[in-house]
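Q: Position 257 (the sequence shown) corresponds to 256 in numbering that gives the first Met the number 0; numbering is contiguous.
Please keep in mind that the hints were generated in silico from the structure rather than gathered at the bench. The structure presented is a predicted model; accordingly, all values stated were derived computationally and were not measured. There's no promise every hint is true.
Stated by the list, open to error - Below, simulated DSS-like cross-link-like pairs (lysine-lysine); rule was C-alpha separation at most 27 angstroms, straight line:
(1) K25 to K239
(2) K81 to K91
(3) K64 to K18
Said to hold, decoys possible - Pair ranges (Cβ atoms, derived):
(4) M189 to V209: 30 to 36 angstroms
(5) D232 to K18: 23 to 29 angstroms
(6) K188 to Q21: 23 to 29 angstroms
(7) R116 to K7: 33 to 39 angstroms
(8) R210 to L89: 29 to 35 angstroms
(9) S206 to H132: 38 to 44 angstroms
(10) N207 to E57: 23 to 29 angstroms
(11) R116 to G281: 38 to 44 angstroms
(12) R224 to N28: 46 to 52 angstroms
(13) G22 to R185: 38 to 44 angstroms
(14) E127 to W222: 44 to 50 angstroms
(15) H132 to G281: 27 to 33 angstroms
Just so it is clear, CB atoms sit at the ideal spot from N, CA and C, and this is done for glycine as well.
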Amino acid sequence: MESQKQFKRRFSFEFFPPKTDQGKEKLQNVRNQLAEENPDFFSVTFGAGGSTRDRTIETVLSLHKQGISTAPHLSCVGGTRKDIAELLDLYKENGINRIVALRGDMPSGMGAAGELRYANELVAFIREHSGDHFNLEVAAYPEFHPQARSAEEDLKNFARKVDAGANSAITQYFFNADSYFYFIDRLEKMGITIPVVPGIMPIVNFSNLVRFSDMCGAEIPRWIRKQLEAYGDDSDSIRKFGEEVVTEMCEKLLRAGAPGLHFYTLNQAQPSIRIWENLGIGEREKIAF
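Go ahead and model the full structure; you've got the sequences and the hints to work with.
A: Right under this line is the structure:
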């Protein structure tokens with residue numbers, strides 16, 4: 000973890016672009032609550048195959064104009080170099096200086112991946128087109144990408160993104176801090192020392208968590224799964240238990256030297272805020288983890 004201790008800690012929240020006017024109003028309220036915590040930036044997701052392209056752009060520009068740096072997710076699946084270049088120019092013109100560069104998911108029925116197939120190719124293209132204007136975040140998978148042929152191949156894929164020009168990384172969420180520590184140890188042995196910020200998923204709804212985790216390959220440890228199952232429909236107990244478990248994991252990560260936290264909010268404010276306040280992140284400059 001020595002490579003991670005050298006970086007100033009940063010804290011961020013992730014949103015998805017709303018589909019309806021009601022969703023926009025809800026996100027604005029969530030944004031306002033989270034903005035009070037003074038995060039370093041917000042990020043906004045990009046749907047499979049660019050399916051939320053216009054809504055992502057609208058959401059990013061709207062949030063960014065309200066005073067907190069906002070980073071769009073940008074996927075290369077299904078897009079052309081021309082499309083991506085136009086998006087990069089649009090974001091640059093509007094003062095965006097951070098991008099989360101991803102391969103992205105192939106939507107059902109799509110036959111071609113696009114002109115750029117992998118995230119390292121997207122990173123290289125962004126550097127070719129926009130130079131060093133953007134701080135480029137890439138994805139990291141402590142428990143390894145579900146489509147990776149092997150753990151070794153997944154590490155090599157991550158190294159390709161770094162070699163192409165990635166500045167830092169945000170991990171898929173996890174509930175076992177040791178998987179993150181081992182991942183960082185493997186990267187250090189490969190000579191990779193960019194900041195890798197843990198992605199944090201608050202536990203609110205068990206069935207949704209299982210569904211998300213099955214899709215993205217994130218493991219729910221058996222003891223957590225069994226306890227959540229035991230609560231059944233008792234949402235208050237699920238929330239309290241989840242808050243305790245995730246807070247303790249975050250404390251462990253920060254004490255070990257993790258360079259910040261990135262919260263997957265699912266467009267909800269309070270689950271992340273409760274963890275944030277438990278950790279005392281608002282006073283983070285005064286805290287010696």
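Q: So, for every hint listed, does it hold in this structure?
A: Hint check results:
no. : hint                             : in the structure
1   : K25 to K239                      : 23 angstroms, holds
2   : K81 to K91                       : 15 angstroms, holds
3   : K64 to K18                       : 20 angstroms, holds
4   : M189 to V209: 30 to 36 angstroms : 33 angstroms, holds
5   : D232 to K18: 23 to 29 angstroms  : 27 angstroms, holds
6   : K188 to Q21: 23 to 29 angstroms  : 49 angstroms, violated
7   : R116 to K7: 33 to 39 angstroms   : 34 angstroms, holds
8   : R210 to L89: 29 to 35 angstroms  : 33 angstroms, holds
9   : S206 to H132: 38 to 44 angstroms : 42 angstroms, holds
10  : N207 to E57: 23 to 29 angstroms  : 25 angstroms, holds
11  : R116 to G281: 38 to 44 angstroms : 42 angstroms, holds
12  : R224 to N28: 46 to 52 angstroms  : 32 angstroms, violated
13  : G22 to R185: 38 to 44 angstroms  : 39 angstroms, holds
14  : E127 to W222: 44 to 50 angstroms : 47 angstroms, holds
15  : H132 to G281: 27 to 33 angstroms : 31 angstroms, holds
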